[in-house]
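Q: Here are the chains, one letter per residue:
2 protein chains.
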Amino acid sequence: MLTKRDAILDAATRLFSKKPYHLVAMDDIAKKAKVAKGTLYYHFRSKEDLYVALLQEGIDNLLLKLKTESSGMNALENLQLFITRLAEFFIEKKDFFEVLKREEGNLFSKKLKNCFEKACSVKDLLHTLLTRGIAEGHLRGNLDVQATSQIILGMIKSSVNGTIEAKKLADTIFDILLHGVKA
Amino acid sequence: MLTKRDAILDAATRLFSKKPYHLVAMDDIAKKAKVAKGTLYYHFRSKEDLYVALLQEGIDNLLLKLKTESSGMNALENLQLFITRLAEFFIEKKDFFEVLKREEGNLFSKKLKNCFEKACSVKDLLHTLLTRGIAEGHLRGNLDVQATSQIILGMIKSSVNGTIEAKKLADTIFDILLHGVKA
DNA sequence: CTTTTCGTACTGACCGGTCAGTATTATATC
DNA sequence: GATATAATACTGACCGGTCAGTACGAAAAG
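In the order they appear, the protein sequences are chains A and B.
Following our numbering, the numbering of the first sequence begins with 36 at its first residue and continues without gaps.
Following our numbering, the numbering of the second sequence begins with 36 at its first residue and continues without gaps.
Read the hints as simulated data drawn from the structure, not as lab findings.
Among the hints, erroneous ones may be present.
Note: identical chains are not told apart, hence a pair may lie in one copy or across any two.
Said to hold, decoys possible - In the DSSO-like style, the derived pairs of lysine-lysine whose C-alpha atoms are separated by at most 27 angstroms in a straight line are:
1. Lys217 with Lys203
2. Lys72 with Lys158
3. Lys100 with Lys217
4. Lys69 with Lys153
5. Lys192 with Lys202
6. Lys217 with Lys67
7. Lys102 with Lys217
In this text, all values refer to a predicted model and were calculated from it rather than measured experimentally.
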């Protein structure tokens with residue numbers, strides 16, 4: 036059985052994935068989590084704190100998943116693994132990803148900004164991966180690593196928008212990255 | 036000189052580009068537009084109406100820009116033009132794009148959803164473009180057009196996130212699309 | 001005189017946050 | 001093992017601030 040705290044975060048995630056921050060009332064969260072409103076404030080100092088905790092823990096989970104061993108692979112294989120894992124994560128935790136994606140453009144508070152610096156390390160991971168790929172000679176030397184990592188993340192993020200399954204998207208992304216679109 | 040109505044929409048755009056919907060008060064908009072609060076309600080039925088009008092007109096502008104003549108070009112050149120124009124639009128109307136991007140994940144009302152179906156025609160344009168490219172033999176026949184157009188839009192959207200200039204991003208995007216990342 | 005704009009005051013729903021009290025579980029005392 | 005004490009977890013009615021929207025008279029604008 037879930038602890039109350041986890042039940043709260045879970046309910047909140049589902050609600051925040053459907054509506055933006057200010058349209059989700061603490062009463063709604065309490066109701067969905069089958070918990071009294073006061074309990075929310077027992078576990079979290081404020082609505083914002085709850086929200087940040089939710090993002091924080093989700094991001095931590097993601098980083099954990101992305102960092103697990105990938106030894107004995109060249110940069111290309113690593114890149115494919117990275118993309119696939121990200122896609123997997125987004126299927127598994129679709130609601131969380133929805134929240135993450137929505138939040139990214141907002142960041143209207145200090146606490147949230149701090150929290151998101153961590154998320155940027157996803158980008159850093161990719162950055163490192165690409166740099167290594169160039170050094171190893173598997174990737175073109177004239178790639179702008181900064182721009183490219185940003186673009187690849189953009190490609191992956193697009194996966195949640197549409198109606199296409201994430202697996203197919205991961206494959207297509209990798210395919211385009213490898214061969215381009217030209218005939 | 037701007038009409039009052041335009042001044043209002045302009046002020047609102049700038050405010051909504053910095054903060055999400057519910058953190059922008061009608062009083063703020065009135066103040067920034069140097070207009071009495073009542074004037075807002077003279078031109079727009081409600082806050083939501085104002086917001087929708089703002090998005091509506093912005094999207095109309097964008098579509099107008101994307102649709103202008105591109106005759107005598109093959110699909111690849113057209114694709115490049117498409118990407119460049121989108122990037123240009125986002126530099127020119129950065130504030131509006133910020134609002135657009137933030138809104139995309141939200142859509143918490145009927146009116147907004149209607150408004151956004153129009154925005155989807157940006158995707159349709161790209162879809163058509165790719166299909167034609169394949170027919171003409173400039174693009175690989177085994178591309179999943181649906182997935183690919185979604186991915187390309189994702190690439191372009193990534194341009195606003197980061198610190199990189201949009202022009203460089205547009206170039207990098209087109210480059211990756213043409214040649215892939217492999218050495 | 002009709003339309004548009006202004007300024008200011010006002011209303012009321014809604015929602016984040018509080019708090020006094022209750023339930024539950026753990027720990028000590030006889 | 002029964003009883004008292006403490007610590008923690010939880011409850012929900014209530015309060016106070018905020019803000020969309022209204023009211024209205026005056027006054028520019030055309």
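Q: With identical chains, the pair Lys100 and Lys217 could be close in the same copy or across copies; at 27 angstroms between alpha carbons, which is it: within, between, both, or neither?
A: Answer is between; shortest inter-copy Cα gap is 26 angstroms, intra-copy 34 angstroms.
Q: State whether the alpha carbon distance between Lys102 and Lys217 is at most 27 angstroms within one copy, between copies, both, or neither.
A: For Lys102 and Lys217, only the inter-copy Cα distance (23 angstroms) is at most 27 angstroms; the intra-copy one is 33 angstroms.
Q: Cα distance capped at 27 angstroms. Does Lys69 pair with Lys153 within a copy, between copies, both, or neither?
A: Neither. Shortest intra-copy (31 angstroms) and inter-copy (39 angstroms) distances fail the 27 angstroms Cα cut-off.
Q: Have a look at Lys217 and Lys203 and pick one of within, between, both or neither, based on CA distance no larger than 27 angstroms.
A: Intra 20 angstroms, inter 21 angstroms, cutoff 27 angstroms: intra and inter.
Q: How do Lys72 and Lys158 come out at 27 angstroms by Cα distance, when the copy is not named: within, between, both, or neither?
A: Answer is neither: 37 angstroms inside a copy and 43 angstroms across each miss the 27 angstroms cutoff.
Q: How would you classify Lys192 and Lys202 at a CA-CA limit of 27 angstroms: within, between, both, or neither?
A: both (13 angstroms within a copy, 21 angstroms between copies)
Q: Please work out whether the CA atoms of Lys217 and Lys67 approach to 27 angstroms or closer within one copy, between two copies, in both situations, or in neither?
A: neither (50 angstroms within a copy, 49 angstroms between copies)
Consistency with the previously given hints fails for numbers 2, 4, 6, ordered from lowest to highest.
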